[in-house]
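Engineer: Protein chains in written order, with the numbering used here: chain A, 7 to 330; chain B, 40 to 521.
Hints in this document: simulated from the structure, not taken from any laboratory. Wrong hints could be hidden among the right ones.
Straight-line Cα separation of at most 20 Å, SDA-like style, residue types lysine to any residue; simulated pairs [as the list claims (entries may be wrong)]:
(1) B/K480 to A/N210
(2) A/K53 to A/F192
(3) A/K53 to B/K480
(4) A/K153 to B/T218
(5) A/K237 to B/E226
(6) B/K229 to A/I50
So these bits of chain A aren't anywhere near chain B, every CB distance computed over 12 Å [to be verified]:
(7) K106
(8) P236
(9) A301
Quick caveat: nothing in here was measured; it's all calculated off a predicted structure. We put the beta carbon where it would ideally sit given N, CA and C, even for glycine.
Chain residues, written in single-letter form:
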Amino acid sequence: MLLSRVANSLYWVGRYLERAENANRHVVVASEFAVELEGITEKIAYKEWQSLIASMPSAKTESVPDVKKVPVGSDEALRYMVSFLVDANNPYSVVSSLGKARENARAVSETITSEITTNLNESHRQLSAVKPSSIKDPGIAQDIASKTHTSILTTLGAVEHTLTRGEGWNYMKIGEALERTQRTLFVLKTRLPGLKEWEKDSENPLYYASWRSLLRSLASQENYRLEHGPKFERDQIIRFLLFHPATPRSVFCGVRRMVGYLNGMSDSGPASQEAKRRLGKLAAQLEFEQDEIVAEDAVMPFLDHAMSELYQVHESVSNPMRLR
Amino acid sequence: MKWTTGLTGFDEAFTPDGNPRPHYKSVVQALGSLTDEQIQYRGKLHEISARNQGITFNVYGSDEGEERVFPFDFVPRIIPAKEWSLLERGLIQRTTAINLFLLDVYGEQKCLKDGLLPYELVLSRTDFRRELQNVVPPHKVYTHVVGSDLIRDDKGAYLVLEDNCRCPSGVSYVVQNRTALQRTFPELFKKLPVRPVSNYADLLRESLEFIAPRGGTHGLTVVLTPGRANSAYFEHSFLAREMGVLLVEGSDLIVEDNYVYVRTTGGKKPVDVIYRRIDDEFLDPLSFRKDSILGVPGLINAYRAGNVALANAPGAGVADDKAVYPFIPDIIKYFLDEDPIIGQVPTYMGFRPNEFQHILDNLENLVVKQTDGAGGYGMLMGPQSTKAEREEYAANMKKDPGSYIAQPLVQLSAHPTYLDGDYKARMLDFRPFVLYGDRIKILPGGLTRVALKEGSYVVNSSQGGGSKDTWVLDSKKKGVKS
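Could you build the full structure based on these sequences and the hints that come with them?
Structural biologist: See below:
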């Protein structure tokens, strides 16, 4: 038996841990992409930082963090890095997400293992102890990002290795899967329009660097290469990130995982049934309507549709009032 | 922090009056604004990152352990667009001519009949594979990956020091050095339009798939490695991962009815292209060294039958033999009717009795190399040698004069290198990577190796050399003048 409140907290632990890991990776990738291109085109390098904000779930114009206030001097890239790593005032920063994961975990500490609690506390403690103004140079920011990433992965490893595969596990993992799948959709939605201008010139280094950055920000570059080799082709990449059944960041893989976790929950009320229905339909589309989805002008509407469906799933699973 | 300029040779970064060259100004300025403490901190980060990522090389016979991090110096070498354009044209010319030479030597041997090179010189090379006479590789390409080593003379003119047409290594450091520098010193990139090198794997796989038999629809492309004990194992696994292909050892492959297969959990899968990082003689115990356990029995028969493509083609090594090197300008003229765009170092050949005597008489002024030597081993640096060393070396030379060549000591160009808190001038060379598929492409960058010891000319990683990131500037952006 699992309390609705506890289920809700575990769901958010899964989401925020995943969000922290995603943001951390995205900061590193955006920084490397911007450095690679800023000597050639500052405009595109700057856009990469803006896409970091745009690809955050639930990012709204009014809540965009003001990176100009980050007290680290005039280096624009460093300000973005610091803001998204250690600025507690930035709701999308790694430290904010870790903090929220920790708060949720503390509320249900009796239901998770001490390994998870210890690692999560340690990750948050280390990162929150860093003062933004103390990061005077990009090398320090890179070092912090690298250590934080290891630390988050350790916490995720503790979840994987020590948590009972009970109902709580299903709530935590569905939160993780939903966050990850939304992330893939957001990144595709924000990046695809900008990539269109390079498609005519696949020998242009910007074409290559842009697709590489997109795949790396979704931890999918190496998996994509195993499947398709090093050549980046728009259609292949979109199909890979939407339909691949086994790569952990594809939308199809995420949706199927969510269906599995939902099936493992004891809740069989209308909200749960509604979530299953939506996910089942989405999975069927991703499996059987692939050509229609990737047809000219159909990708963006599909991304909107999938995001809307996942938002409804989130509403069904996360709202404690609906949890019986 | 002091900047020391090159004392005798050409200085890459500074003019003779001590001012930074135009394309170095922003980097010198940016580095000047960093404190020693900041630099050391970043150096430490790079070392940890390199170890964690396994960016190491193995030193044979080293007492210090098997794996070493290739020392990396963060002061980038910068090549302006105009200089690069000249290098590109010169390398395309050289690679084209070398390939035509190989086709001829393993075919009609017209150039030998015409007296361009002596028959006995070419046919006596250990890397001449008579087993492959009249075997034409797919699309007539022998040299899919070439890494020619370049130096600059005291006027700054580029010279080819040697060609590497077998399995040139070092490209993984080119890509990794760039990543490392972007992570640790991002501010250096702000002012200059540096051309990316990260798409090397894409270019390589494209070149490899071009040579696949049956249009590449039949089987897989794989990287063949001698295994983890090889000094370049990191590079083999890096390239396989970046290209998204299998990294295989000889025992993973089998040949049946002249077709090559790889053993997988799903059964045997056909193989079309092998990017082999194993020397010719170990490739196939049925054709070459019988005691080779690294190779694949029957591989050369499958290659002869046209059922598998090998890159580089076996036998290509004869073109980079040090005894053939002096003839490359003539080879360019003979096959292309053009003068060489990039020059090379004058060379005396032990093969010719009068030149052998000249070498013996002038040992203290010459650099003497064994024609089949590599990695800086088996050579005599005349001007830096003792009388006893010269006498011992001369005694060995007399046993087999044809196996030696000699060159005057060319003062290598110097480049600021961060050592003990200062930027000191150290000598360096440069290995660009040339890919030959449907056409010749050159990665805009390359491996710059630097001799870290003062006055040293030896840049090899196994003998105390380090490496640098090499920037090729884009001509169309930001108007950087060369």
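Engineer: A separate judgement is required for each hint: does it hold in the structure or not?
Structural biologist: Results of checking the hints against the structure:
no.: 1; hint: B/K480 to A/N210; in the structure: holds, 14 Å
no.: 2; hint: A/K53 to A/F192; in the structure: holds, 15 Å
no.: 3; hint: A/K53 to B/K480; in the structure: violated, 30 Å
no.: 4; hint: A/K153 to B/T218; in the structure: holds, 18 Å
no.: 5; hint: A/K237 to B/E226; in the structure: violated, 30 Å
no.: 6; hint: B/K229 to A/I50; in the structure: holds, 13 Å
no.: 7; hint: K106; in the structure: holds, 28 Å
no.: 8; hint: P236; in the structure: violated, 4 Å
no.: 9; hint: A301; in the structure: holds, 26 Å
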